[in-house]
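Position chain B relative to chain A; hints supplied.
Protein chains: 2
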Amino acid sequence: MGLLSKPIKTLDDLFVHTLQDIYYAEQQIVKALPKMIEKATDPQLKQAFQSHLGETKNHVTRVEQVFKMHGESAKAVTCPAIDGIISEAKEITADASDPEVLDAAALAAAQAVEHYEITRYGTLAAWARQLGRNDCATVLEQNLEEEKTADLKLTAIAEARVNRVAV
Amino acid sequence: MGLLSKPIKTLDDLFVHTLQDIYYAEQQIVKALPKMIEKATDPQLKQAFQSHLGETKNHVTRVEQVFKMHGESAKAVTCPAIDGIISEAKEITADASDPEVLDAAALAAAQAVEHYEITRYGTLAAWARQLGRNDCATVLEQNLEEEKTADLKLTAIAEARVNRVAV
Numbered sequence: 110m111g112l113l114s115k116p117i118k119t120l121d122d123l124f125v126h127t128l129q130d131i132y133y134a135e136q137q138i139v140k141a142l143p144k145m146i147e148k149a150t151d152p153q154l155k156q157a158f159q160s161h162l163g164e165t166k167n168h169v170t171r172v173e174q175v176f177k178m179h180g181e182s183a184k185a186v187t188c189p190a191i192d193g194i195i196s197e198a199k200e201i202t203a204d205a206s207d208p209e210v211l212d213a214a215a216l217a218a219a220q221a222v223e224h225y226e227i228t229r230y231g232t233l234a235a236w237a238r239q240l241g242r243n244d245c246a247t248v249l250e251q252n253l254e255e256e257k258t259a260d261l262k263l264t265a266i267a268e269a270r271v272n273r274v275a276v
Numbered sequence: 110m111g112l113l114s115k116p117i118k119t120l121d122d123l124f125v126h127t128l129q130d131i132y133y134a135e136q137q138i139v140k141a142l143p144k145m146i147e148k149a150t151d152p153q154l155k156q157a158f159q160s161h162l163g164e165t166k167n168h169v170t171r172v173e174q175v176f177k178m179h180g181e182s183a184k185a186v187t188c189p190a191i192d193g194i195i196s197e198a199k200e201i202t203a204d205a206s207d208p209e210v211l212d213a214a215a216l217a218a219a220q221a222v223e224h225y226e227i228t229r230y231g232t233l234a235a236w237a238r239q240l241g242r243n244d245c246a247t248v249l250e251q252n253l254e255e256e257k258t259a260d261l262k263l264t265a266i267a268e269a270r271v272n273r274v275a276v
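In order, the protein sequences belong to chains A and B. Plus 109 on top of the position in the first sequence (first one is 1) and you've got the numbering used here. Plus 109 on top of the position in the second sequence (first one is 1) and you've got the numbering used here.
Next comes chain A alone, as it looks inside the complex (with noise of 0.2 Å):
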C-alpha cells in the first residue's frame, strides 16, 4: 500500500486508497514482466511470465473500470512494498549468473508479487462488499482468481524443478 495522499478517515477512503495502491503495483508489474521474459531461461518459467504479462494489462484495465464505477478518476499512489519486492527481484537476477539460481531467484520474486497481489485483491472484494458494492466485489474478484491462478502455475513450475532435481 502506498504513501498517503490524504487523509483515511472512512472505509470508503481506505477502499480507494488501496485501489490506487494496486494500480501502481499493477503498473510497476506490466514494466518490470518484459525484463524478467527476457532473463529467464526454463521455458515453462518464460512462458508463465509470458501469458501473465496479458493477464496484468487486462488488470490495469478492470482496476480503472472499479474506478469508474465507483465515480473515481484512476489515480495510482506509491508502493514502497511492491517496489521493495520488484527492486529486489532486479537485484538478484542482475547478479544471478547461474541459470538454475537466476531462474530460481525470478520464480520466487513473482510469487512474492503474485501473493502481494491476492492480499489486496482479496481485502478490496471484502471492503466492496461491505460497501455495498457487490459490482465492484466481482471486477475485483476476477482479477483475484487470476493471480491465485498464476501463483498455483509458478508452484507447479517450482516443484517440477526441486524434483527434477531429486531424481
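Note that these hints are calculated values from the structure, not bench results. Some clues are possibly wrong.
No copy labels: a pair is met if it fits in one copy or bridges any two.
[To be verified] Straight line, CA to CA, 30 Å or less: simulated DSBU-like cross-link-like pairs of lysine-lysine: (1) Lys-177 / Lys-257; (2) Lys-177 / Lys-148; (3) Lys-177 / Lys-155; (4) Lys-155 / Lys-115; (5) Lys-118 / Lys-140; (6) Lys-140 / Lys-199; (7) Lys-262 / Lys-148; (8) Lys-199 / Lys-262; (9) Lys-184 / Lys-166; (10) Lys-155 / Lys-118; (11) Lys-166 / Lys-115; (12) Lys-199 / Lys-118; (13) Lys-140 / Lys-155; (14) Lys-115 / Lys-148; (15) Lys-257 / Lys-155; (16) Lys-144 / Lys-115; (17) Lys-115 / Lys-140; (18) Lys-199 / Lys-184; (19) Lys-118 / Lys-262; (20) Lys-144 / Lys-166.
Below, chain B without anything else, positioned relative to chain A:
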C-alpha cells in the same frame, strides 16, 4: 527480500540470503505487533494479534534453528518489502480515528504481512528440499503452516465483520 550483502552465485547463497530476509521480517513483526494489539478495537482481532505475537517469537527461534542446522550464523538483512508493509500499517492506523476503519486497515496490513511470509517460507522450504535439506524444510514448513492458519483466522474475522455490517 533484502538488499544484497554478498553476491548470490549458487542456490545455497540464495537460500541463506532469503533466510536472512525472513529473519529480519520476523524480527520487525515482533516489534510491530504490540502496537497493533494496543490499537485494535475488535476483541477477536486483538486476540488474533496477541496469539500471533507468541507464534512469531517461536518463528524467530525456528529460523535461528535452521541457520544453525545449515552451519550459518543467524544474521538479518534489511527487507524493503516488509518495511514498506509495516510502515504503511503504522501510517494508516495513526491516521484512522474511526475504530471500524482502524480495525479494517490493521486487519488488511496483517494479511499482507502473512502473505509475504507464506510466499517466502514456501520458497525456502522448496529450496531446502532442492538442496537435499529435508530437515531444514520440515522446520520451515512448521512456520509456513502457522502463517497460513493465521491468515485464515484473519480472513474469518474479516468475513464476520462484512456479514455483521451487511445484516
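Going down the list of hints, with the structure as the test:
Taking identical chains as interchangeable, the C-alpha atoms of Lys-177 and Lys-257 lie at most 30 Å apart only when both belong to the same chain, with a minimum of 25 Å there against 34 Å between chains. In the homo-oligomer, the alpha carbons of Lys-177 and Lys-148 never lie at most 30 Å apart, since the shortest distance is 36 Å inside one protomer and 34 Å across protomers. Taking CA atoms no more than 30 Å apart as the test, Lys-177 paired with Lys-155 passes in neither setting, with 34 Å inside one copy and 35 Å between copies. Taking the shortest Cα distances, Lys-155 and Lys-115 sit within 30 Å of each other only across copies (27 Å), while inside one copy they are farther apart (40 Å).
For the identical chains of this complex, Lys-118 and Lys-140 are inter-copy neighbours only, at 26 Å across copies versus 32 Å inside a copy, given an alpha-carbon limit of 30 Å. Taking the shortest Cα distances, Lys-140 and Lys-199 sit within 30 Å of each other both inside one copy (12 Å) and across copies (29 Å). For a Cα distance limit of 30 Å, the shortest separation of Lys-262 from Lys-148 inside one copy, 19 Å, qualifies, whereas the shortest one across copies, 38 Å, does not. Taking the shortest alpha-carbon separations for Lys-199 and Lys-262, only the intra-copy value of 21 Å comes in at or below 30 Å, while the best inter-copy value is 34 Å.
Proximity of Lys-184 and Lys-166 under a CA criterion of 30 Å is satisfied intra-copy only: 16 Å inside one chain copy versus 39 Å between copies. For a Cα distance limit of 30 Å, the shortest separation of Lys-155 from Lys-118 across copies, 21 Å, qualifies, whereas the shortest one inside one copy, 43 Å, does not. Taking the closest pair of Cα atoms, Lys-166 and Lys-115 come within 30 Å of each other only inside a single copy of the chain (27 Å); across copies the shortest separation is 35 Å, beyond that limit. Only between protomers do Lys-199 and Lys-118 lie at most 30 Å apart by alpha-carbon distance; the minimum there is 15 Å, versus 36 Å within a single protomer.
For the identical chains of this complex, Lys-140 and Lys-155 are intra-copy neighbours only, at 16 Å inside a copy versus 39 Å across copies, given an alpha-carbon limit of 30 Å. Taking CA atoms no more than 30 Å apart as the test, Lys-115 paired with Lys-148 passes between copies only; the shortest distance there is 21 Å, against 39 Å inside one copy. In the homo-oligomer, the alpha carbons of Lys-257 and Lys-155 lie at most 30 Å apart both inside one protomer (18 Å) and across protomers (28 Å), since each shortest distance falls under that limit. Proximity of Lys-144 and Lys-115 under a CA criterion of 30 Å is satisfied inter-copy only: 23 Å between copies versus 34 Å inside one chain copy.
For the identical chains of this complex, Lys-115 and Lys-140 are neighbours both inside a copy (26 Å) and across copies (27 Å), given an alpha-carbon limit of 30 Å. When the C-alpha separation of Lys-199 and Lys-184 is checked against a cutoff of 30 Å, the pair qualifies both within a copy, at 25 Å, and between copies, at 23 Å. Only between protomers do Lys-118 and Lys-262 lie at most 30 Å apart by alpha-carbon distance; the minimum there is 26 Å, versus 39 Å within a single protomer. Taking CA atoms no more than 30 Å apart as the test, Lys-144 paired with Lys-166 passes inside one copy only; the shortest distance there is 16 Å, against 38 Å between copies.
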